[in-house]
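Protein chains: 2
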Amino acid sequence: MIRKVMSRALPSEGKGVRVFYGEFINVDYVFGYIGRLIHGESGLQNIYILENEFWGRMLFINNNLQFTSRDEFVYHEALVHIPMQSVPDGKIKKVLICGGGDYGAAREVLKYSCVEEVIIVDIDPRVPKLVEEYFPELLPENPKDPRLHLITEDAYVLVDQYVKEGKTFDLIIVDSTDPDIGESENIQELSHALFGIDFHQKLLKICPEGVIVQQCGTPFTMKNILIGVHRIYRSVYPENQIYIYRANVPSFGSDNAYIMRCPFEYPQIPKGKVIINTLYYDFAVHGSSFVLPKFWRVELGL
Amino acid sequence: MIRKVMSRALPSEGKGVRVFYGEFINVDYVFGYIGRLIHGESGLQNIYILENEFWGRMLFINNNLQFTSRDEFVYHEALVHIPMQSVPDGKIKKVLICGGGDYGAAREVLKYSCVEEVIIVDIDPRVPKLVEEYFPELLPENPKDPRLHLITEDAYVLVDQYVKEGKTFDLIIVDSTDPDIGESENIQELSHALFGIDFHQKLLKICPEGVIVQQCGTPFTMKNILIGVHRIYRSVYPENQIYIYRANVPSFGSDNAYIMRCPFEYPQIPKGKVIINTLYYDFAVHGSSFVLPKFWRVELGL
Numbered sequence: 001m002i003r004k005v006m007s008r009a010l011p012s013e014g015k016g017v018r019v020f021y022g023e024f025i026n027v028d029y030v031f032g033y034i035g036r037l038i039h040g041e042s043g044l045q046n047i048y049i050l051e052n053e054f055w056g057r058m059l060f061i062n063n064n065l066q067f068t069s070r071d072e073f074v075y076h077e078a079l080v081h082i083p084m085q086s087v088p089d090g091k092i093k094k095v096l097i098c099g100g101g102d103y104g105a106a107r108e109v110l111k112y113s114c115v116e117e118v119i120i121v122d123i124d125p126r127v128p129k130l131v132e133e134y135f136p137e138l139l140p141e142n143p144k145d146p147r148l149h150l151i152t153e154d155a156y157v158l159v160d161q162y163v164k165e166g167k168t169f170d171l172i173i174v175d176s177t178d179p180d181i182g183e184s185e186n187i188q189e190l191s192h193a194l195f196g197i198d199f200h201q202k203l204l205k206i207c208p209e210g211v212i213v214q215q216c217g218t219p220f221t222m223k224n225i226l227i228g229v230h231r232i233y234r235s236v237y238p239e240n241q242i243y244i245y246r247a248n249v250p251s252f253g254s255d256n257a258y259i260m261r262c263p264f265e266y267p268q269i270p271k272g273k274v275i276i277n278t279l280y281y282d283f284a285v286h287g288s289s290f291v292l293p294k295f296w297r298v299e300l301g302l
Numbered sequence: 001m002i003r004k005v006m007s008r009a010l011p012s013e014g015k016g017v018r019v020f021y022g023e024f025i026n027v028d029y030v031f032g033y034i035g036r037l038i039h040g041e042s043g044l045q046n047i048y049i050l051e052n053e054f055w056g057r058m059l060f061i062n063n064n065l066q067f068t069s070r071d072e073f074v075y076h077e078a079l080v081h082i083p084m085q086s087v088p089d090g091k092i093k094k095v096l097i098c099g100g101g102d103y104g105a106a107r108e109v110l111k112y113s114c115v116e117e118v119i120i121v122d123i124d125p126r127v128p129k130l131v132e133e134y135f136p137e138l139l140p141e142n143p144k145d146p147r148l149h150l151i152t153e154d155a156y157v158l159v160d161q162y163v164k165e166g167k168t169f170d171l172i173i174v175d176s177t178d179p180d181i182g183e184s185e186n187i188q189e190l191s192h193a194l195f196g197i198d199f200h201q202k203l204l205k206i207c208p209e210g211v212i213v214q215q216c217g218t219p220f221t222m223k224n225i226l227i228g229v230h231r232i233y234r235s236v237y238p239e240n241q242i243y244i245y246r247a248n249v250p251s252f253g254s255d256n257a258y259i260m261r262c263p264f265e266y267p268q269i270p271k272g273k274v275i276i277n278t279l280y281y282d283f284a285v286h287g288s289s290f291v292l293p294k295f296w297r298v299e300l301g302l
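Chain order of the listed sequences is A and Z. 301 is the number that the working numbering gives to position 301 of the first sequence; each next residue is one higher, with no gaps. 114 is the number that the working numbering gives to position 114 of the second sequence; each next residue is one higher, with no gaps.
Here chain A stands alone, though its shape is the one from the complex (with noise of 0.2 Å):
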């Protein structure tokens, strides 16, 4: 059951410093790590990158864990084909990822032939230089896909930018680190944005017909991100297009969370025709990742 560290880089034997790397989850409960941290700088975000024998290399941002080798691709493969395979066959063709800049989302979008467009923007660039550099395994199967267009730039700053332009896309995801939860309620993460109720007022107006995916971290253990983002999907988006599904990935601890406006019916339904080359999702993990917690339900009232 224990999946193989899928890293194709080199081993970094002997580089970095070896640490005991501590992750708050919440006040008194850590995640703690022991393993070579082998880069290490502050900047727009605080990005680290450990090295660790059971999770393969794993990437921090401001000390929350984003990813790890071992096992990015639950997290991705749920964010992506879940919406992807919501829709009538063939109806995505434009996709935009607000943050992702780590590829993973990118990689999976691009697996399907009906999508022409796919554009990452990402306001830290140093996340896809170090992730070409440490995590090839993330890039897309063709690295100089053409269909494939990164833009450095505050999300919220494009979005906005788009909708005066008039673009519209078929499938927003939004990918970032979750939001202020910082050690003090001030910290405002540089995602904090992208969870506010006028960044998806914009969405809706660049993607009247499509799908708008957004990942909420993981429930049980954080601050109440999910309850927050279902209020403001309420707010924009008509309540009976709005759906979470969850995935268990598991360097993460319990249940993450994903919110979805889906205009088609019955997205619990698998709709495409093939799925390509998933180690997690398949057509029966699509409906039951709609399934939620009956304690979950009880706390968004649903």
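These aren't lab readings, by the way, just hints derived from the structure by calculation. Please note: incorrect hints may appear among the correct ones.
Pairs involving identical chains hold if they fit within one copy or between any two copies, as the list cannot separate such chains.
Think about it this way: if two alpha-carbon atoms lie no more than 30 Å apart in a straight line, the pair counts; the simulated BS3-like pairs of lysine-lysine are [to be verified]:
1. K294 <-> K167
2. K91 <-> K294
3. K94 <-> K294
4. K271 <-> K294
5. K93 <-> K294
6. K294 <-> K111
7. K111 <-> K271
8. K15 <-> K164
9. K294 <-> K144
10. K205 <-> K271
Every value quoted in this text rests on a predicted model; they were computed, and no experiment measured them.
On the provided structure of chain A, position chain Z as indicated by the hints.
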């Protein structure tokens, strides 16, 4: 989404020593808890109770977390309600719980009025005593329920005796510690024998037409308990009566696995009339629990 700790026990402020408690999930992957160690003793097994703001109270056996006040309901509801609801309503009258001295499984089983007799057989008499003192929320609604019998004995020995006596059950729940996940391959947990082929051969004799369910740990982070037990089930029970399901118990990290021998058709479809007083389980959760991630199925050869 963050569920309030529901312990009805009194807070033990000032009791015990304040520690940073580390639970090794793997060689270089650790769950760390800051809290007060309010009870600790060696003996048959090393038992520690930690009080932590996030998780409430946590019971460790041989440094492996068994349950927390905050999320034990997920583990126990999945362990009990899925087998209970997999069979025609009212079929389960006599229940044997091997291990389960924490009362959690018995609490759920006793919610069904069709159940006439529940026997808990646990090797360590301290577990029920400590639960009575520190985790009263795990006790059955009526702690003196006349249907409940607690026997302090090695489950293997008692099962052997029942084979000789010809006593039979409608449901057997193997609710033990994980086998042999200590630092050394040579350390055998007390639960070791409950994961062997001869134990299951005996269970089949005392439960020839009933359901036999066993918890199998978290496949992603543990040694291949699930793969091993699956092999044993296939050699003892008919292949078409074996089912695997899962539940995300947040404090365990990745999904927990359960394996079930169920001689009744379509256990994925719940058959009970009502579900009584649950926080995690409902009929939608029932069916989705049987859907496994693709990489689990690949590893299991399913």
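The hints, checked one at a time:
1. For the identical chains of this complex, K294 and K167 are neighbours neither inside a copy (40 Å) nor across copies (37 Å), given an alpha-carbon limit of 30 Å.
2. In the homo-oligomer, the alpha carbons of K91 and K294 lie at most 30 Å apart only across protomers (25 Å), although the nearest pairing inside one protomer, at 33 Å, exceeds that limit.
3. Taking the closest pair of Cα atoms, K94 and K294 come within 30 Å of each other only across two copies (28 Å); inside a single copy the shortest separation is 36 Å, beyond that limit.
4. For the homomeric pair K271 and K294, the shortest alpha-carbon distances inside one copy (27 Å) and between copies (18 Å) are both at most 30 Å.
5. For the homomeric pair K93 and K294, the shortest alpha-carbon distance between copies (27 Å) is at most 30 Å, but the shortest distance inside one copy (36 Å) is not.
6. With identical chains, the CA atoms of K294 and K111 are at most 30 Å apart between copies only, with a shortest distance of 18 Å across copies and 34 Å within one.
7. When the C-alpha separation of K111 and K271 is checked against a cutoff of 30 Å, the pair qualifies only within one copy, where the shortest distance is 16 Å, while the shortest distance between copies is 41 Å.
8. For the identical chains of this complex, K15 and K164 are neighbours neither inside a copy (48 Å) nor across copies (63 Å), given an alpha-carbon limit of 30 Å.
9. For a Cα distance limit of 30 Å, the shortest separation of K294 from K144 across copies, 29 Å, qualifies, whereas the shortest one inside one copy, 44 Å, does not.
10. When the C-alpha separation of K205 and K271 is checked against a cutoff of 30 Å, the pair qualifies only within one copy, where the shortest distance is 25 Å, while the shortest distance between copies is 46 Å.
In summary, the numbered hints that this structure violates are 1 and 8.
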